[in-house]
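Chains as they are written, first to last, in the working numbering: chain A, 1 to 348; chain B, 1001 to 1348; chain C, 2001 to 2348; chain D, 3001 to 3348.
Just so you know, the hints here were simulated from the structure itself, not pulled from any lab data.
There's no promise every hint is true.
Claimed, not checked - In silico lysine-lysine, DSSO-like type, Cα no more than 30 Å apart, as pairs:
(1) C/LYS2236 / D/LYS3211
(2) A/LYS211 / A/LYS270
(3) C/LYS2057 / C/LYS2211
(4) B/LYS1236 / B/LYS1270
(5) B/LYS1236 / C/LYS2270
(6) D/LYS3211 / D/LYS3057
(7) B/LYS1270 / A/LYS236
(8) D/LYS3270 / A/LYS270
Here the structure is a predicted model, which is why all the values come from computation and not from measurement.
Protein chains: 4
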Amino acid sequence: MSSEISRRKDEHIALASSDAVAFRERTTLLEQVTLIHESLPELALEEIDLATELLGKTLRAPIVIASMTGGTERAGSINRELAAIAESRGYAIGLGSQRAMMRDPSMAPTYRVRDVAPNALLLGNLGVVQARDLATADIVRLIEDVGADALCVHMNPAQEVVQPGGDRDFRGGLETFARLAGELKIPVVAKETGCGVSARVATKLRDVGVKTVDVSGAGGTSWVAVETLRAQGAAKALGESFWDWGIPTAVSVAWVARSGLAPIATGGIKSGLDVARAIALGARAAGIARPVLQALQAGGRAGAEAFLDRVEAELRTAMLLCGAGTLDELRNAPRVIGPELASWLGTM
Amino acid sequence: MSSEISRRKDEHIALASSDAVAFRERTTLLEQVTLIHESLPELALEEIDLATELLGKTLRAPIVIASMTGGTERAGSINRELAAIAESRGYAIGLGSQRAMMRDPSMAPTYRVRDVAPNALLLGNLGVVQARDLATADIVRLIEDVGADALCVHMNPAQEVVQPGGDRDFRGGLETFARLAGELKIPVVAKETGCGVSARVATKLRDVGVKTVDVSGAGGTSWVAVETLRAQGAAKALGESFWDWGIPTAVSVAWVARSGLAPIATGGIKSGLDVARAIALGARAAGIARPVLQALQAGGRAGAEAFLDRVEAELRTAMLLCGAGTLDELRNAPRVIGPELASWLGTM
Amino acid sequence: MSSEISRRKDEHIALASSDAVAFRERTTLLEQVTLIHESLPELALEEIDLATELLGKTLRAPIVIASMTGGTERAGSINRELAAIAESRGYAIGLGSQRAMMRDPSMAPTYRVRDVAPNALLLGNLGVVQARDLATADIVRLIEDVGADALCVHMNPAQEVVQPGGDRDFRGGLETFARLAGELKIPVVAKETGCGVSARVATKLRDVGVKTVDVSGAGGTSWVAVETLRAQGAAKALGESFWDWGIPTAVSVAWVARSGLAPIATGGIKSGLDVARAIALGARAAGIARPVLQALQAGGRAGAEAFLDRVEAELRTAMLLCGAGTLDELRNAPRVIGPELASWLGTM
Amino acid sequence: MSSEISRRKDEHIALASSDAVAFRERTTLLEQVTLIHESLPELALEEIDLATELLGKTLRAPIVIASMTGGTERAGSINRELAAIAESRGYAIGLGSQRAMMRDPSMAPTYRVRDVAPNALLLGNLGVVQARDLATADIVRLIEDVGADALCVHMNPAQEVVQPGGDRDFRGGLETFARLAGELKIPVVAKETGCGVSARVATKLRDVGVKTVDVSGAGGTSWVAVETLRAQGAAKALGESFWDWGIPTAVSVAWVARSGLAPIATGGIKSGLDVARAIALGARAAGIARPVLQALQAGGRAGAEAFLDRVEAELRTAMLLCGAGTLDELRNAPRVIGPELASWLGTM
Ligand SMILES: Cc1cc2nc3c(=O)[nH]c(=O)nc-3n(C[C@H](O)[C@H](O)[C@H](O)COP(=O)(O)O)c2cc1C
Ligand SMILES: Cc1cc2nc3c(=O)[nH]c(=O)nc-3n(C[C@H](O)[C@H](O)[C@H](O)COP(=O)(O)O)c2cc1C
Ligand SMILES: Cc1cc2nc3c(=O)[nH]c(=O)nc-3n(C[C@H](O)[C@H](O)[C@H](O)COP(=O)(O)O)c2cc1C
Ligand SMILES: Cc1cc2nc3c(=O)[nH]c(=O)nc-3n(C[C@H](O)[C@H](O)[C@H](O)COP(=O)(O)O)c2cc1C
C-alpha cells in the first residue's frame, strides 16, 4: 500500500475518533431509562454475574469492542491491542471492514489477531453492498483468513450517500442477508454504523434468517459527520442537514428486541450505566467503538483498560443497586421511561 | 404607474423578503416530524422518483415557487426569472396577486411569463375579497391574459385586518369559492398567505367543490409582521399582538389531508427535509416563497438554483434513507410525531 | 380620617399597582389556549358584537373594571374616573371594599359614582369575613348608599393569613353566602382576589344559590405579594413561600363554568387576546384591575382609554380571525389546549 | 476514642451537613405536587390540628428530626440539643447509627438523650448489615441503653458500594427485618438514607411484618455524594456516576403508601409546603436531617427553632388554604400532579 493511501487512512481514523464527529442534538435516549433503586438487593457484589451468551460463545461481560479498523500498520497494531484486551477480559472484538484486505491481500496481516486472541469472540466485517457483489466463497475466504466466529455485515446508507463517490445503489441488500444467513457456516450479524435499525428492517432481517443485530444507533459517533467534515460544497451542506439523522440507540434496541432478534446495543455507549440501561431494554450485549479507541489513543492499553474497568464497575454497581444478580434479572428490572423515549416506543 | 407607487411596491418586496418578517416563536412544527431511518432501502438513488401530479400537470419534483409578485418592473423580472427556473426544473410557479394588473392593465406585462415558461404549471392569483367583487368573466380575462393553469384565490384576513386601510369585510368568501369552482374551466386553489387553513375551513371548501388547498401556514413569513413593520400607533400595537397568529404548517397540512383535499405545504419550508416531512404528512407538493426570493436576490438565478438543488438533494436523500422510492411511499413511511404536534393533531 | 391613615392607604394603592406585586413563576395559563385561525370568517369587522349579559344588565363589551379602591380622596377620584370610563364604554365597574365606609361613614363619598355612571353595571364590594359579622340590613344600607347593581363578596384567605393582624378565622363563609343569596334583592358575586376559585368551592357556592363567580385567579396581581412587601421577619418569610399560591385564572374559569356558574375571568388579563381566550373557556366577561389602574396612573383617563381601546381592538380582531361574530360563537370556537393547562383540567 | 478518630468523625459531619452533598439534577419531585387553593376554608387557623400518630405515640406536629449522629463529643451535644427541641415541640427524634457505641461502649453517653427528652418519640438506629450480624439480644441492649421507642434499621447499599471499604454483601437483609419485626418488642422502621424505597421493596417489607418505612428518597442529601467527596481515583469516578441515583422522595412516599405501609417522608424536605405535599401523597410524617443540622450549626438552638417555626407556620398555612383542618383531611385534599411525577407514578 502506498504511504499516501496509508496516510489518508490514518487521518480518517484520527478524524473518526475525535469528539468533532459526535451527534449534535440527538441523543441515544438511554438517559431516559431510569433504573429503580432496590434498598434490599439480597446480593453480594462479587456474586454478580456479568456473563452473557453471544453468537455461540460465552462472554465474561456483555461488552463488544465494536468494529473499527484494519488496513494500515497503525490500524493493525490497534486491532492487536484491542483483541488482546478482549481476550484477557472475556469480551467480543470486532474487526474493521475487510474490504481493504479483499482488494489488497497484502493488508490481511493488519486484521489477523487470533494469535493474541485465541478464544475471544471475533467478528469479521464487510459492507452489505460489497457482500452483495461478492460470491459466498470469497466471503468465506475472508472469514477464514482471520478466523472470525461471526460476520458483521454493515449497512451504512446514510454515510455512503453523503460521501462523494460513496455507494448510491442499495438494491439487493436483503437478498444478500438471506444468502449469507443460508450459506455461511458462522452466524451473520446485521450491523448499522450509527443510524440505528428500525422495527421494519428488523422484521425483514428476521424473516430471512438473521438472528443478531448490532443496532449502532444515533447518539454516539455520526458517520455522516465524519464524511461532512471531509466534504466540500454541496456534499458538505447535505451532510450538515443529515448530521443527526438516525434512530436513537435506546429506541432501536427496544424495537429489535420486540422483533424477537438479539440486539447488540452499540452507538453512544459511554458508561456502565448506559450498558445497564441498554440491557434493561433487551440488549444481549453493548458495543463500544470510539470511546475505547479514544482511551487507547490517550493512554495506551492501560488507558483502555482503565476505561473498561470503569464501565464494568458501573455496570456491576447498577446491577447490585437494582437487585439484579444476572443480566436476565436486569432485563426484567423495574424502570421508568422518560416521555421522549416513550413517544418513540409508542410508535411503529 | 407613477414611479412613486412603483418605488413603494419595490420597498414592500424588499421588506417582505427580509428576515425581519419571520414568525418569532411559533414554528411550522415540521421539526416535530421525525422520519425513520431505513438501513436497507433496496433503492438506487437515481431511481428515486420525485414526480407528482398537481392540478392536472406532472411536476418533475414536488416544488411550487409560491405566489409572490407582479406590478413593477423589478417584479416583472423576478417573475420571469422564477418562471424560467420552474420551466427548466419541472416545478410549478405562482404569480403574485393580479389585482394590480386588473386595476391598471399597463402592468399586465409584468405578470406574463408564458414565453419563458411554456410548459410549467402556472398559477394565477387573486384575493378572495377582490374575486368576490368581480364578475367571473373579468376573472377569466385575468387568467387568460397570463395563460394560467389554475387560479390561487388567496385568503388573508389577518394581514388585512392589521393593515391600515385593509379589507374589513370578509363576507361572501365561501360563496365566491363556490362560484369560481363551478364556473371557471381551470381548477381553483384556496390559498392562505401565512396563517394556515383549519380543518373547519377545509371542510367548507371541500363542500363547495374546491379540491386543492395551499395551506401557507404559520412558521415562515408572517404577513401580519410585514404590515406591523409598516404601521404606526394602534395598528402597530395590534400587529405586534398577532405577529405569530396562525396554524403551524405541519398541522394545517395534516388537517387538510384528512379532509380529503390535496394540500400544498407552503409556509416556512426551508429545506428538502422540510419538504419530505410535509409530504409524509400528506402534502402533494411544497411551496416556497421567501427563501427562493432571498436566494435570487442574493445570488441571481444561479443562487436560486443552487438553493433549489440543495432542496432536491435533501429530499432525495431523505427518501432514500426512508426506503421511499416515490412520494406515495414517503406518504406511508413510518415517522415519530413530537408532543406539541401530536397535541394539535389530537384536536380538530 | 386622619391624614396619617390616608397616607398609608395611598401608599398601599401605590404598592398594589406596581409590577413588584405580580406573580413570579405561576401564570394564568391563558397562554396555553390557542385559538384557531379561520381563513374564511364570513364576517365584517364592524358587525362583530361584543355585547354580553351580566348580572341583569347588558354590557357593550365583556369587560369589568375590577374592584379596587375607595376610602381616601385619591381613591375617590380614581373611582370616579374609572366609573365614567365604564359608563361611556358600556363596561361594568367594581368598587373597592366598602369596609372603610362602613367603619367611617365620612368616607362614603369616595365610593359614590352614580352621578358619573348612572347606567353602568356597578358592583359593590365587601369581604366575606366582614359580611359574616354584619346584619343583612347593614349590608343593604352599604349597597343602597352607592346604588350598586350587585355585590361582590370577596374571599381572600391567602392574603389575610400572611398579613400581620389579618383575619385568621374563616368559619361561616359559606353560610354567609347562603344568607346573602337568600336575603339580598341584588345578585351576589363570589369573588376571589388573586388565588382563584376551585371546582369544590364553585360547587358549594352553587348549592347555596350563588350564580356568578369572579375567579380572580393566579397569574396577575398577587395579594400575598402585596402583604409580603409590607411585612417583616417571619411574616415576610411566610409570604415569600406563598407568593405564587393559587389556581391559574384559565383553570378556574373552566372549572367554574363546568360547575354551571357564570365565571368572570379576572386575574392577569393583560390584552384582548387574553379576554378572547377566557371567553373561549367559558367566561361571561373578563375583569381587569391593576393594568387599568397602571394605565390611569401613567396616562390619566386618556391613557386608560387607550389601553382599553387596545384590549377591545384585539378582542374584536381575535373574534374575526376565529370566525366568531358573537361571544357565544367564541365560546364554541375550536382551540388547542397546551399540556400544562390540559393536565390541570384533567384534574378536579 | 482516640482524638484522631474523633476528629475524622467530626469532619464527616461537617461534610455531610454542607450544601456540597446535595443531589445535583434529581429532585424530590415534591415540587410537582400542587395543592389546590380553597377560598372558603371554613376553618380558623388556631383550630388546625397538626397532630399525628406515629409508632404508638402522638406527635404534636408531623415532624421527625431524622437520624444523624452520635459517637463524638460534638455529636453528643448535637443529639442533646435536637432531642431537647423534639421534646419541647412534640416531634420525633432519631439517633445516628449506634454501631459506634456497639463497638466502643464508652461512646454510649453521646447517644443518651432521655434525660432531656423523657417523652419524645425516640428512634434508635442501626444498619441492616450490622443488624444481620448481631444477635437480637445485642440489639435489644442497644435499644434499652438509649431508651428508644422504635428502631430505625437503615438500608444504604448505594453509599456502601461507592465507599472504599464499605459493605459489599447485602444478603440476608430481608430476613433480618423479618427476625427483628418478630422478636423485638418495639416497632422496626425500615429506613433508607437518600435513595428511596421502591414499591417492590415496600411489598417485601410488608410481607415480613414491617409497618413503617422512612423513605429517605432522592432530592436532598446524597450519601453517595458524601463518599464521593471523600474518595479518590476509581471510587471517586464511580461515585460521580451514581451521585444522583435514587427514587425521588415524592415517588417513594406514594409507592410506600400504596403498599399499605406508613411512610415517613424524609429526603429533601426543606419547607412546610414540602411537608404538606408529602402528607398529601400519604406520608404520616416528614423527616428532616441536613437542614435542621445546618440551622443548628448556623444559629444554635434558636436558629434550629426558628427554622422549625417556619416549617410549622407554612404547613399550617398550607392546610388552612386547602381547607384541611387535620392531616387526614390534607391526605384527601385535591391536588394536581405534574407530568414527571405522574410518569413515575404510572409505573410499577
Ligand atoms: C474509527 C472508527 C472506525 C469504524 N469502522 C467501522 C467499520 O469498518 N465497520 C463497521 O461496521 N463499523 C465501523 N465503525 C462504526 C462502529 O462500529 C460503531 O457502529 C459506531 O461507531 C457507533 O459506536 P460508538 O458511538 O461507540 O462509536 C467505526 C467506528 C469508528 C469510531
Ligand atoms: C414577497 C412576497 C410576496 C407575496 N405575495 C403574495 C401574493 O401576492 N399572493 C399570495 O397569495 N401570496 C403572496 N405571498 C405569500 C406566499 O405565497 C406564501 O404563502 C407565504 O410567504 C409563506 O411562504 P414562505 O414562508 O415560504 O414565505 C407573498 C410572499 C412574499 C414573501
Ligand atoms: C390596587 C388594587 C386594589 C384592590 N382592592 C380590592 C378590593 O378592595 N376588593 C376586592 O375584591 N379586590 C380588590 N383587588 C383585587 C382585584 O379586584 C383583582 O381581583 C386582582 O387584582 C386580580 O386582577 P389583576 O391581575 O387584573 O390585578 C384589588 C386589586 C388592586 C390592584
Ligand atoms: C450528618 C448526617 C448524618 C446522618 N447519619 C445517619 C445515620 O447514622 N443513620 C441513618 O439512618 N441516616 C443518617 N443520615 C441520613 C438522614 O437520616 C436522612 O435519611 C437523609 O439525610 C435525607 O434527609 P435530608 O435530605 O433531610 O438530609 C444522616 C444524614 C446526615 C445529614
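**Item:** Agreement of C/LYS2057 and C/LYS2211 with the hint, judged by alpha carbon distance not exceeding 30 Å
**Value:** With a Cα-Cα distance of about 15 Å, the restraint between C/LYS2057 and C/LYS2211 holds, given a limit of 30 Å.
**Message:** Just to be careful, I want the Cα atoms of C/LYS2236 and D/LYS3211 compared with a cutoff of 30 Å; is the pair within it?
**Reply:** violated, 40 Å
**Request:** Please work out if D/LYS3270 and A/LYS270 have their alpha carbons no farther apart than 30 Å.
**Result:** violated, 35 Å
**Prompt:** Keeping to a limit of 30 Å between CA atoms, is the pair of B/LYS1270 and A/LYS236 held or broken?
**Reply:** holds, 17 Å
**Request:** Assess, step by step, whether the Cα of B/LYS1236 is no farther than 30 Å from the Cα of C/LYS2270, and give holds or violated.
**Result:** Answer holds: B/LYS1236 to C/LYS2270 is near 17 Å, not above 30 Å.
**Hinted pair D/LYS3211 and D/LYS3057, Cα distance within 30 Å** = holds, 15 Å
**Asked** A/LYS211 and A/LYS270: Cα distance at most 30 Å?
**Response** Holds: A/LYS211 and A/LYS270 sit about 26 Å apart, inside 30 Å.
**Prompt:** Does B/LYS1270 lie within 30 Å of B/LYS1236 when you go C-alpha to C-alpha?
**Reply:** holds, 28 Å
In summary, the structure is inconsistent with hints 1, 8 from the numbered list given earlier, while agreeing with the others.
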